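In the order they appear, the protein sequences are chains U and B. Add 4 to a position in the first sequence, counting from 1, and you land on the number used in the working numbering. Add 4 to a position in the second sequence, counting from 1, and you land on the number used in the working numbering.
Among the hints, erroneous ones may be present.
Treat identical chains as interchangeable: a pair holds within one or across any two.
[Said to hold, decoys possible] Straight line, CA to CA, 25 Å or less: simulated BS3-like cross-link-like pairs of lysine-lysine:
#1 Lys181 <-> Lys289
#2 Lys289 <-> Lys99
#3 Lys114 <-> Lys48
#4 Lys63 <-> Lys91
#5 Lys300 <-> Lys146
These aren't lab readings, by the way, just hints derived from the structure by calculation. No experiment lies behind these values; they were computed from the predicted model shown.
2 protein chains.
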Amino acid sequence: MAENENSIRFGIMGCAEIARKVSRAIHLAPNATLVAIASRSIHKARQFAVQNKLSENVKLYGSYDELLDDPFVDAVYMPLPTSLHVKWAVRAAEKGKHVLLEKPTALDVKMFDEMLKACESKGVQFMDASMWYHHPRTAKMKEFLSNSDLFGRVKAIHSSSSYHGTPEFLENDIRVKPDLDALGALGDTGWYCIGAILWTMNQKLPTTVTALPTTIRNSAGVILSCSASMYWDEEQIVATFYCSFISHETMELAVCGSNGTFHVEDFIIPYDESSADFSFTSGAKFVDLHVGWNVKPQAVRVATELPQEAMMIQEFSRLVKGIKDHGLQPDAKWGQTSRITQLVLDAVRNSIDNGYEAVQM
Amino acid sequence: MAENENSIRFGIMGCAEIARKVSRAIHLAPNATLVAIASRSIHKARQFAVQNKLSENVKLYGSYDELLDDPFVDAVYMPLPTSLHVKWAVRAAEKGKHVLLEKPTALDVKMFDEMLKACESKGVQFMDASMWYHHPRTAKMKEFLSNSDLFGRVKAIHSSSSYHGTPEFLENDIRVKPDLDALGALGDTGWYCIGAILWTMNQKLPTTVTALPTTIRNSAGVILSCSASMYWDEEQIVATFYCSFISHETMELAVCGSNGTFHVEDFIIPYDESSADFSFTSGAKFVDLHVGWNVKPQAVRVATELPQEAMMIQEFSRLVKGIKDHGLQPDAKWGQTSRITQLVLDAVRNSIDNGYEAVQM
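I would like the entire structure built from these sequences, with the hints used as guidance.
Written out as structure tokens, the structure is:
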């Protein structure tokens, strides 16, 4: 979107592959404008600008600090390796920039809290860049899961998020490097499973988190694949998930309720940009002699004019606009959503590190 | 099917609801004939015959022993409460009857082995009445899962099997009575999850079985809902399942492989009798900028002329015919399939009973 006085002005810190998608999303969002790109070298920033056909108005910086010192940048999107998040997110907040941070947010909740505290004390908006929360399908899914007649109460949840990294990825990607993204598949694909399970539970922390003894690591000790279970004692609900860098692509959430069953198979990246589906079955009974069902899964299709990542930018920018121009407070929901995800992620990692013991939350 | 000299002659021992479905299946199978029904009272047997419009040629017995003494009965189908299986299956084998036994096969593998030993020593065929193995869809699913290009190696498995019992069921059904079906939901719906997971693994025993600490029991201590995980150490494969009497209907198997993903949502009882689906995704990649997938799940539909329960009767009768008329040996595969399922079921129950400790197999 062309810059106008209503647009929130974005700077991108880091030229990771995912930044290409988000730079397009900033372009598509009606209330956001990309005004600057920073990389550790001006050469890389220029390369990114050329590759993505960015406007000549986008300023290029050869260091993150220069971008943060630019008074015409309202907000930063930060696709840096996880180990760098705390340093740069805190610094961005201190400079009064609103922070849209790639996931996993931090190596642990202590570091996460440093960032959140910095954002809170400076009154800037924090959000992690989990895009799927912003797809209109997600709101529609929640409508079904909240319907006490059609779905009833949650009983069991299962999520899976995986992709098969190429040999090049498994050798060189930052996500398999202990000094850059020490959480590996748990931090990358597991973040989504944990997020989806907590989303289903309306962000209620589980009572107990227990990793399942099946962690696969690379030679540097980074998790390539793992599984875990969670329990909510009071509600007697169980959730399990599987995340991996060495399995075929999955992005699944299946929820079994008292009156209905819910499935989505592409919740993180929808198969198509323009619309996305989920399916449910409700009130199923077996026909006479149990030779079939009285109902079949129903597909629900939800169209979207903007892709989910542009919806995310739009929502983030709307919040920033309210703070910047109307004196509103940052929306604490997004920081809390990230924080609880990080807490459970920490618990899974602690359970793995402690011989798969149960971690009480 | 009208009786003829090639038909295997079935007796049904017990007039449970499921016997109605199997009596129809015997009628539909081209190589089987129902010749006798036994209940604990002749009145109940007569009632069953009337209700199911059985031929007048079907003999009615007021005791199981009378049926077992009938020399014109080749094989028995036994839908009795689990606690009665060992007594009656052993007695049936001793009388030279081939045994088609409802699941769960036994309260534990020790009892199961008594039955299997009796069948082996008398040279009669044993099979448990898990119908889904016999649907032609199941063979087609195995074809996909065995395809090293399309699916690759198994990485993770999840299964769910549940239904929401009516208040009447939860109060009075034999499956919630500790003296009749002490295994509750684990024995009934969990049997299918365990079976499906082991089927995926070509009947290879897991290294470890660990129940997840979420068992729900009724006031008499019978399991209404539980979850468990399994691991195959060498292959680094994880499986999880959820089974329940107090959740909406699910019959799911999801398998994540190295090159493909597999889903079936009605594996136990297909939505329709005449055909059944499963779906898979293979070789999925994300399109440029990761704004969609290059492939979507493909549905595979498999038609069947006979319902799966009639296919089961047909296969069982074919084996019995081979033994009876051609001196062949019983097919040991079916007993072994039941046995390994029972072994894992025992391990889940032991894990639950021992504070959710891991059980090494």
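Hint by hint, here is what the structure shows:
no.	hint	verdict
1	Lys181 <-> Lys289	between (50 Å within a copy, 23 Å between copies)
2	Lys289 <-> Lys99	neither (59 Å within a copy, 39 Å between copies)
3	Lys114 <-> Lys48	neither (32 Å within a copy, 69 Å between copies)
4	Lys63 <-> Lys91	within (23 Å within a copy, 83 Å between copies)
5	Lys300 <-> Lys146	both (20 Å within a copy, 24 Å between copies)
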